[in-house]
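**Student:** In order, the protein sequence lines correspond to chains A and B. Residue 90 in our numbering sits at position 109 of the first sequence, with consecutive numbering throughout. Positions in the second sequence are counted from 1; adding 21 to them yields our numbering.
Quick caveat, the hints were computed from the structure, so don't treat them as lab data. Predicted model, so just to flag it, every value in this text is computed and none were measured. Every residue, glycine too, gets a C-beta built ideally from N, C-alpha and C. Mixed in with the good hints there might be a few duds.
Said to hold, decoys possible - Derived coverage of chain B by chain A (criterion: at least 3 residues anywhere in the stretch with Cβ under 8 Å from a Cβ of chain A; other residues may be distant):
1. 63 to 77
2. 246 to 256
3. 263 to 276
Claimed, not checked - To give an idea of the chain A side of the interface with chain B (calculated C-beta under 7 Å), a few residues:
4. 27
5. 50
6. 56
7. 58
8. 63
9. 85
10. 88
11. 91
12. 94
13. 137
14. 141
15. 143
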Amino acid sequence: MPANRFNGFSDLGVGIGLRVPHYQHILENRPGVDWFEIISENYMVDGGRPLHILDSILEHYKVIQHGVGLYFGSSEPIPRDQLQKLKRLVQRTKTPFLSDHLCWGSVDGKVSHDLLPLPYTMEAAKHTAEKVKMAQEFLEVPICVENVSSYAEFKDSTMTEWEFLSEVVERADCGILLDVNNIYVSSINHRFDPFEYLKGVPAERVGQIHIAGHSTYPAYLLDTHDHPVCDPVWALYQQALQKLGPTNTLLEWDDKIPSFDEVHREACKAWAFLGKKIDVVQEATL
Amino acid sequence: MSTNSSGERPLRELQQEFFRLVTAPLDADDRSRSAFSDGSSAEKAAELLVKPGGGFTSLQRTELYNRQYWFRLIDSVAEDFPGLRSLMGAASFYEMTIAYLKRYPSSSFSMRYLGRHLAQFLKEEPSWLGEDVEFGIEVAEIEYAQSAAFEAASFPALNPAQIVAVSLGEMTFMLQPCVFIFELQYPVDEWLRSTRTFERDASEASHSEEACRFEEGHERLAPPEKKPTWLAVHRHNLKIYFKALDKPQFEVLSALKRGETLAEGLDRGIEALPEESLTPKLITKAIQGWFAVWGELSWFSKAPERDSLNGIR
């Protein structure tokens, strides 16, 4: 199910996050990349170099927007001016869909700039779904919500993360950006079976996959996006593709960023999984 | 904290309490404190909210978010105010930034606005700057202007013929939003040039936990001698520059920035000219010179149309 209504019926292949250290290389060499993902907030500005670079990239590449600031799970509404700026960017990039995180990050007008975990309760699911629906209607593009990595679980939670994810996306009628690295990181931190998580994901709603590296500490994993993808995450990715079929995939590398060629090489490893003739198996057989 | 019939806390209350844990100041070893500043127990607050597990207490579970909050925000402010940090010294800047963020927490989706109240905060709390109050505040204002100019709007510039039309009163115009004008007591531009490069690049969103970049032994840099300074911070060809002005130029430009008419601005500029320049010939020469330079720098544009939001409401 590579193309569906949650990703604007896009069949994109393997993408890379557009990052400042690679601007010059990309514009001078125009490497063969299927698409770039941008962090929306970095380009929600009125002018200057960020938009100039973006316009140059848009001349040659497909760009998909990924955000870190909508905070669908925050108890307060998304500020109107933020949505207006985001919509202007959507009109500029013509992104077929956009994504942001299933998390919260602000309260009483104060912003943490972090992707904070939600309590997995029905109240939180209903509230979050309402905000996703409202944003989707305002922005007039499909939205995919991404599962985050987390380091704390709330005592109030009454369901698993994947049950919560399913509840939100069904209620909002939105898509999923399935981050397999985040599933893996959280599975170690909270001691659940990541393959169990995969089984619980409504496959028909997945519009994109994220893969990334993380850092290993003695007692936990940290989602740092500063390493190559590790073998257990590739294994989880392979399992996800068996369930979903070939799916738009993006490699995230946000810190200690190596050369463009190194990032590109790492991303292209995904083709080994996507390029294979993968039989889509039914959820029941997973 | 209240709960519903299922024993769950209302979402907003839960988030307020968790946010309190995330934003509580760290101790001297950059670890979460066991008590809030009002003396109440942070450990108990965490226990009410968060499951312990994996060898971690509830507070240790929230500590990672607590540390990331401060590391990320302090790093971002430090990146935007390298001159102020050099003036204050790393340790003092670090403490000041914590105090600043406690009073002026972020209220925007973007970290690029984190420093917008910093100069105001330093006016409210001048003791952070010791002997260098006036200079430190000016450095904070100029460094924030550099960030703001980097990504401020700019509109199609007026060409020389259009500027002539303006001078004939046939057209209204404005100073570009990416041009900021200052009257200073210190040569902040010269000092910043001597201490660092000031070309800016876009910041990246990141979710990694990093140690704060506050190296030990970072030397404080001395402020310069006082010298009346008029300065424009502006963007040209996507880069940020300082442009030295004189008093009459400052008067004209700041009047235009305030939305006054060209005639009003020119009156202010002429008033500020030295007495020996107040002949019709020299006044004309001065004005022509100013506008030639400013026109070349594309500092003027027509006022933007009201529908520039593409109809988004």
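**Student:** Could you run down the list of hints and mark each one as holding or not?
**Tutor:** Cross-check of the supplied hints:
1. 63 to 77: Our answer is that it holds, as 8 residues pass the Cβ test (under 8 Å) against chain A, meeting three.
2. 246 to 256: violated (count 1)
3. 263 to 276: With 0 residues in contact (Cβ-Cβ under 8 Å with chain A), the coverage given for the region 263 to 276 of chain B is violated.
4. 27: holds (4 Å)
5. 50: Status holds, d = 4 Å.
6. 56: holds (4 Å)
7. 58: violated (12 Å)
8. 63: holds (5 Å)
9. 85: At about 6 Å, which falls below the 7 Å cut-off, the nearest Cβ of chain B leaves the hint on residue 85(A) intact, so it holds.
10. 88: holds (4 Å)
11. 91: Check passed: Cβ of residue 91(A) comes within 4 Å of chain B, closer than 7 Å.
12. 94: holds (6 Å)
13. 137: The hint holds - residue 137(A) has a Cβ within 7 Å of chain B, the shortest such distance being about 4 Å.
14. 141: Interface hint status for residue 141(A): violated (13 Å vs cutoff 7 Å).
15. 143: Residue 143(A) check fails; min Cβ-Cβ to chain B is 17 Å, beyond 7 Å.
In this structure, the earlier hints numbered 2, 3, 7, 14 and 15 are contradicted, and the remaining ones agree with it.
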